[in-house]
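Protein chains in written order, with the working numbering: chain A, 10 to 418; chain B, 8 to 114.
Covered by chain B, per the in silico footprint, the following chain A stretches (three or more residues, Cβ under 8 Å):
id, region
1, 46-53
2, 74-82
Heads up, incomplete: computed chain A residues facing chain B, CB under 7 Å, no partners named:
id, residue
3, Pro71
4, Gln338
5, Met382
Simulated from the structure, these hints should not be mistaken for lab results.
All values reported here derive from a predicted model rather than from experimental measurement.
For every residue, glycine included, the Cβ atom is placed at its ideal position computed from N, Cα and C.
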Amino acid sequence: MSCIIIGASHAGVQAAVNLRGQGYEGGITLISAEKVLPYQRPPLSKAFLQDTLPEQRLWLRPEAFYQQKHIDLKLNTRVTAINREQQTVVLENGDTLPYSQLILATGSSVRWWNLPGSERKGIHYLRDHSDTSGIKAQLPDVTNVVVIGGGYIGLEAAASLNKMGKNVTVLVNTARPLQHLTSPVISDYLCRLHERNGVTIETNILATEITGGAHLDGVTCDNGKHYPADMVVAGIGVEPCTELAAMCGLAISNGVEVNGYMQTSDEHIYAIGDCANFHHAIYNKPLRIESVQNATDQAKTVAQAICNKASAYTALPWFWSDQYDAKLQIAGLSTGYDEVVVRQESDTSLAAFYFAKERLIAVDTINQPKSFMVARKYLPTLPNIDKTLLADPDVAVSDIFTGAEACLT
Amino acid sequence: MPNVTFILPDESEVTVEALAGDSLMQTAVDNGIEEITADCGGCCSCATCHCFIPPAWQGKVSPADDMEQALLETAIEDVQPNSRLSCQITLDDSLDGLVVKVPQSDW
Numbered sequence: 010m011s012c013i014i015i016g017a018s019h020a021g022v023q024a025a026v027n028l029r030g031q032g033y034e035g036g037i038t039l040i041s042a043e044k045v046l047p048y049q050r051p052p053l054s055k056a057f058l059q060d061t062l063p064e065q066r067l068w069l070r071p072e073a074f075y076q077q078k079h080i081d082l083k084l085n086t087r088v089t090a091i092n093r094e095q096q097t098v099v100l101e102n103g104d105t106l107p108y109s110q111l112i113l114a115t116g117s118s119v120r121w122w123n124l125p126g127s128e129r130k131g132i133h134y135l136r137d138h139s140d141t142s143g144i145k146a147q148l149p150d151v152t153n154v155v156v157i158g159g160g161y162i163g164l165e166a167a168a169s170l171n172k173m174g175k176n177v178t179v180l181v182n183t184a185r186p187l188q189h190l191t192s193p194v195i196s197d198y199l200c201r202l203h204e205r206n207g208v209t210i211e212t213n214i215l216a217t218e219i220t221g222g223a224h225l226d227g228v229t230c231d232n233g234k235h236y237p238a239d240m241v242v243a244g245i246g247v248e249p250c251t252e253l254a255a256m257c258g259l260a261i262s263n264g265v266e267v268n269g270y271m272q273t274s275d276e277h278i279y280a281i282g283d284c285a286n287f288h289h290a291i292y293n294k295p296l297r298i299e300s301v302q303n304a305t306d307q308a309k310t311v312a313q314a315i316c317n318k319a320s321a322y323t324a325l326p327w328f329w330s331d332q333y334d335a336k337l338q339i340a341g342l343s344t345g346y347d348e349v350v351v352r353q354e355s356d357t358s359l360a361a362f363y364f365a366k367e368r369l370i371a372v373d374t375i376n377q378p379k380s381f382m383v384a385r386k387y388l389p390t391l392p393n394i395d396k397t398l399l400a401d402p403d404v405a406v407s408d409i410f411t412g413a414e415a416c417l418t
Numbered sequence: 008m009p010n011v012t013f014i015l016p017d018e019s020e021v022t023v024e025a026l027a028g029d030s031l032m033q034t035a036v037d038n039g040i041e042e043i044t045a046d047c048g049g050c051c052s053c054a055t056c057h058c059f060i061p062p063a064w065q066g067k068v069s070p071a072d073d074m075e076q077a078l079l080e081t082a083i084e085d086v087q088p089n090s091r092l093s094c095q096i097t098l099d100d101s102l103d104g105l106v107v108k109v110p111q112s113d114w
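Put together the whole structure using the sequences plus the hints.
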């Protein structure tokens, strides 16, 4: 009996840990294409970028941990093929490893950006350890940074680089940052927060050319404006890594298709984390979620399934982000909301509760951890909640939810 | 190098050597205390590193701030006056011998 896990980020490492925790006694091989120990991704755009988190604190587990748990961690190793008939994976060096169960935790990779001048030096992405290291290495020579993309990664990078004394401009191709991820009230709060701290956010703008010589010197946009830059950081989204799964004929649609136990169309192969597309029990639709919570919780589900303690995945999605003094905490998925109720507890504490057809489906909070936590507890039932009370900061949020009527599908 | 003893849900005890400056959560994770899942990596966002500090040690660890208090009050079913989030406790030599009770994971 042996289990191979391809990919050693949050999902892959947690799967190995949970397999041992569930009493799995077979061999566990954890394969990473990267050279460094498996690491936490969230600090790459925050504390690790700002140099306030030392590298040894970035590792998900210390090196000795893998030996203690008899997890064979293979770094700097690429899988080139999966042979489903023989139940083996083939490595780049030609070695063949047999498996009883295979877990694909291949994650996602950044969307590359192709426009005139994108071959110039000074363009960075922000996904892997090596990306952040590359940014940090160039930073001493940098005064002006242009961040392209108004998603969470772009905004976190902007906040971090601003804190490090750089002049930062964020170019967003929509009417507001986080347009597809949150409501106007949250976007507006974050815009003001960035501007107060000295970051310029330009909206409805499309970069058309990276200018300069061998090294870039700026970005030209569709409105004719030119933004001088010594560095460009592009945060324009990710794509699921499905090449290996596709090559061996697994069912794929926006990620590797899995059932509620993270099992692919091959009963011996599972997929978890960013690369997996599953039917979400709460929201009743197929979803692929890029988050630490999703990676960690799906790792638990797959370990239980492999150890004959199967329990279907039902976890509520949640996320967080830190920018300046703002702690954003998000529970649920707000996509498809038809009404937003805002709860403002102070100038720096607000929450946006999202409703669809009178049911609460998600909440975004800024410096309002109680609303986040209470909602997180009750959201799995998609409850009916009194909106007038919710908007009243003088009524304790926990009292509003207690006794809320469940509205299950 | 402070020593820390974790009392696990099954009453078994694990004593480990911690690094001064590390958080209690980090020490637990590095030493395979799996009940401390610490999903958010220690930025006080998730409450998945809940633990109990025995009365003898309560006055010696730094007190919980508002954010931690809010998470504890709302997130933890069996919250007690000595409940803490272990990511918010920094270890130093004055905490040598610290004993921590780890509940069954709430998550």
